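Participant: Keeping their order, the protein sequence lines are chains G and C.
Under the working numbering, the residue at position 224 of the first sequence is numbered 224, and the numbers go up by one with no gaps.
Under the working numbering, the residue at position 125 of the second sequence is numbered 125, and the numbers go up by one with no gaps.
I should point out that these hints are in silico values taken from the structure, not numbers from a laboratory.
Remember, it's a predicted structure, so these values are computed and weren't measured experimentally.
A virtual CB, placed ideally from N, CA and C, is assigned to each residue, including glycine.
Check the hints yourself; a few may be wrong.
Output of the computed footprint for chain C on chain G, the stretches with three or more beta carbons under 8 angstroms from beta carbons of chain C [said to hold, decoys possible]:
(1) 37-44
(2) 235-244
(3) 252-258
Covered stretches of chain G (chain C as the covering partner; in silico rule of three or more C-beta atoms under 8 angstroms from a C-beta of chain C) [what the hints assert, rightly or not]:
(4) 150-157
(5) 263-272
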Amino acid sequence: MATQHSRSAARLMMTPAVVLLLGWMLVPLLMTLWFSFRRYLPLRGGDLGWAGFDNYVRFVTSSAFWPSVQTTLILVGGVLAITIALGVLLALLLDQPMWGQGVVRILVIAPFFVMPTVSALVWKNMFMDPVNGLLAHLWRFFGAEPVAWLTDVPLASIVLIVSWQWLPFATLILLTAVQSLDSEQLEAAEMDGARPLSRFAHIILPHLGRAITIVVLIQTIFLLSIFAEIFVTTGGAFGTRTLTYLIFQRVLESQNVGLGSAGGVYAIILANIVAIFLMRIVGKNLDR
Amino acid sequence: MSLKRALCATTALTLCSTAALAQDSSITIATVNNGDMIRMQGYTDEFTAETGIGVEWVTLEENVLRQRVTTDITTKGGQFDIMTIGMYETPIWGANGWLVPLDDLSAEYDADDILPAMAGGLSHDGTLYAAPFYGESSMIMYRTDLMEAAGLEMPESPTWEFVREAAIAMTDKDNEIYGVCLRGKAGWGENMAFLTAMSNSFGGRWFDEDWRPQFDTDAWSETLNFYIDLMNEAGPPGASNNGFNENLSLFQQGKCGMWIDATVAASFVTNPEESSVADSVGFALAPNTGLGRNANWLWAWALGIPAGTDQEAEAKQFIEWATSKDYIQLVAENEGWANVPPGARSSLYETPEYQEVPFAEMTLQSILTADPLNPAVDPVPYVGVQFAAIPEFAGIATQVGQEFSAALAGQTSPEEALENAQAIASEEMEAAGY
Numbered sequence: 001m002a003t004q005h006s007r008s009a010a011r012l013m014m015t016p017a018v019v020l021l022l023g024w025m026l027v028p029l030l031m032t033l034w035f036s037f038r039r040y041l042p043l044r045g046g047d048l049g050w051a052g053f054d055n056y057v058r059f060v061t062s063s064a065f066w067p068s069v070q071t072t073l074i075l076v077g078g079v080l081a082i083t084i085a086l087g088v089l090l091a092l093l094l095d096q097p098m099w100g101q102g103v104v105r106i107l108v109i110a111p112f113f114v115m116p117t118v119s120a121l122v123w124k125n126m127f128m129d130p131v132n133g134l135l136a137h138l139w140r141f142f143g144a145e146p147v148a149w150l151t152d153v154p155l156a157s158i159v160l161i162v163s164w165q166w167l168p169f170a171t172l173i174l175l176t177a178v179q180s181l182d183s184e185q186l187e188a189a190e191m192d193g194a195r196p197l198s199r200f201a202h203i204i205l206p207h208l209g210r211a212i213t214i215v216v217l218i219q220t221i222f223l224l225s226i227f228a229e230i231f232v233t234t235g236g237a238f239g240t241r242t243l244t245y246l247i248f249q250r251v252l253e254s255q256n257v258g259l260g261s262a263g264g265v266y267a268i269i270l271a272n273i274v275a276i277f278l279m280r281i282v283g284k285n286l287d288r
Numbered sequence: 001m002s003l004k005r006a007l008c009a010t011t012a013l014t015l016c017s018t019a020a021l022a023q024d025s026s027i028t029i030a031t032v033n034n035g036d037m038i039r040m041q042g043y044t045d046e047f048t049a050e051t052g053i054g055v056e057w058v059t060l061e062e063n064v065l066r067q068r069v070t071t072d073i074t075t076k077g078g079q080f081d082i083m084t085i086g087m088y089e090t091p092i093w094g095a096n097g098w099l100v101p102l103d104d105l106s107a108e109y110d111a112d113d114i115l116p117a118m119a120g121g122l123s124h125d126g127t128l129y130a131a132p133f134y135g136e137s138s139m140i141m142y143r144t145d146l147m148e149a150a151g152l153e154m155p156e157s158p159t160w161e162f163v164r165e166a167a168i169a170m171t172d173k174d175n176e177i178y179g180v181c182l183r184g185k186a187g188w189g190e191n192m193a194f195l196t197a198m199s200n201s202f203g204g205r206w207f208d209e210d211w212r213p214q215f216d217t218d219a220w221s222e223t224l225n226f227y228i229d230l231m232n233e234a235g236p237p238g239a240s241n242n243g244f245n246e247n248l249s250l251f252q253q254g255k256c257g258m259w260i261d262a263t264v265a266a267s268f269v270t271n272p273e274e275s276s277v278a279d280s281v282g283f284a285l286a287p288n289t290g291l292g293r294n295a296n297w298l299w300a301w302a303l304g305i306p307a308g309t310d311q312e313a314e315a316k317q318f319i320e321w322a323t324s325k326d327y328i329q330l331v332a333e334n335e336g337w338a339n340v341p342p343g344a345r346s347s348l349y350e351t352p353e354y355q356e357v358p359f360a361e362m363t364l365q366s367i368l369t370a371d372p373l374n375p376a377v378d379p380v381p382y383v384g385v386q387f388a389a390i391p392e393f394a395g396i397a398t399q400v401g402q403e404f405s406a407a408l409a410g411q412t413s414p415e416e417a418l419e420n421a422q423a424i425a426s427e428e429m430e431a432a433g434y
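Here chain G stands alone, though its shape is the one from the complex:
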């Protein structure tokens, strides 16, 4: 048991780390806040003075704002739906005893180790290219007109690419949860005459509840700031401009740091709303 003395010593020793971490977060945050109230245009000579709430008003009233929020939410929602549905399925499959299980598991989690930029490039050039892509050859082989994926269904294509990347993560977490399920319970249900589907709905799925909320929470945090896949594939065209991408455009392409910073503050607010909302659900789920 810790004494009063050792506790204060621990606090003292923790202080540098805490201060460092706080500074790490606070300094960029405060700078973003500061810049969002300035007319800061690097190519026009830098900081041109106080701007009040102009940047905030301009960012929200711009015709690009609401579409970008919508795109962000569709992207996050789409990827979550796909990765969780397929993740549960894959977890159940991988849990079955089979020959070469180790190799199959490695293959399933492999996409997670590919860098986002690389995977986006591979998908764009090797699979989805309407002339030279593998899918185009496949379509032609069956006598169909190839699909120009990234222009005809751009958002769905990006959801697909991102889902491919995040599926291993969801699968891994869900697989661990499936493995922790008590098999006697399932056997008992089977003996009582429960069909596979109702066993799944009434025993497995509720058991996976916690794991699913964790997947939702972690993935949402990362997916809200998704960038590389969009940069590489469509460059934000065809309605694939997310909030993060819009901020990037404002700061780096339009060289308007003030406007972009105001966007950054909105993004922080949005992320916090989502986080609070999710934490409450997770909290409920984890307390049970």
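Add chain C to chain G, keeping to what the hints say.
Facilitator: Relative to chain G, chain C alone:
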């Protein structure tokens, strides 16, 4: 004891290496990963041997390079002693006093030999701020065999109407041959470079003399409609994702009848090691509509020195070396005349050996027909042929490019895209205080 000794040794080593670094003067250069620049890096040792100045390279993809050097210069980061920049950045940065003026280059360098169009685009108020490493315009590259099979003959300076007819005649979608490949990928340096140059030939322009955006004019409407119809009839599928590199690869695979793009591409499409159609490529001037302007652009990749660098003299020495006549000679001796950096110096086009290169004359003609001060049929308040050299341009044009790319993909109508473009440009220009 041993720890102490190790620490001493490390300190001594650090001191030694720091001292070694301090003795050697060395410059850091940021550049773009284009073939000619990569080649230049291969010859750096010759420069170091000549002058004793070491060179460190930071080689980046075009978009990344732009962001890195722009960030570095606006924040006065001082990471680089030489930056590879283009005709868009140079006049703006020169006006801001961010670049070292290059008005005192040595007599043997012969600055007057730089092509006037290039020097003009890389100057502000008549002072040169970056030296062109290579320059380019755009032109038509076409398949002579397909043209012959279609029973047509390419004039030296074709009209858009002829290009349309020829493209349709050459298209054979079942065999994956598309009459014309054009840029469709969104971006101010991608589809907007092409479309801006094209609209110049249709009588359009970016801004009128009061800086009012012009996307609500007939000229732009004709441009965009013609472009989209042409691409739908005779372009490759998924064209709205194709930029320079994608089209280059399509052309090299023999899938394009015509390709209107940068003149530097000529050496890639005629290189038998890279191109399956190397022996049947012809060249013509970029198309026009008879209004006196061709749809060709003007660009230079140039080397500039950020103001405030400690190595100004060394940096100047390098720039003189890399953009000199001797460098051209060096590359020609080692790799043949077709591979020298084109478009920067008049004397290159007077060299008899270079005149035999198949695309040399058309490149020079294309460069000479582009005028950055009078790019459009009507007068304009900006400098630049396929862009307007104002800080706001890149941001606006990228968004406008996305609208036009979406129209090409069939997601919006050309009219809607133009309306949106007008709104975006007006909104940004108003906010910028024009």
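Participant: Does each hint fit the structure? Answer for all of them.
Facilitator: Verification of the supplied hints:
1. 37-44: Three-residue rule met by the region 37-44 of chain G, so holds; n is 4.
2. 235-244: holds (count 6)
3. 252-258: That given contact holds, which follows from 5 residues of the region 252-258 of chain G lying within Cβ reach (below 8 angstroms) of chain C.
4. 150-157: The restraint on the region 150-157 of chain G holds, since 3 of its residues have a Cβ under 8 angstroms from chain C and three suffice.
5. 263-272: n = 0 at 8 angstroms, threshold three: violated.
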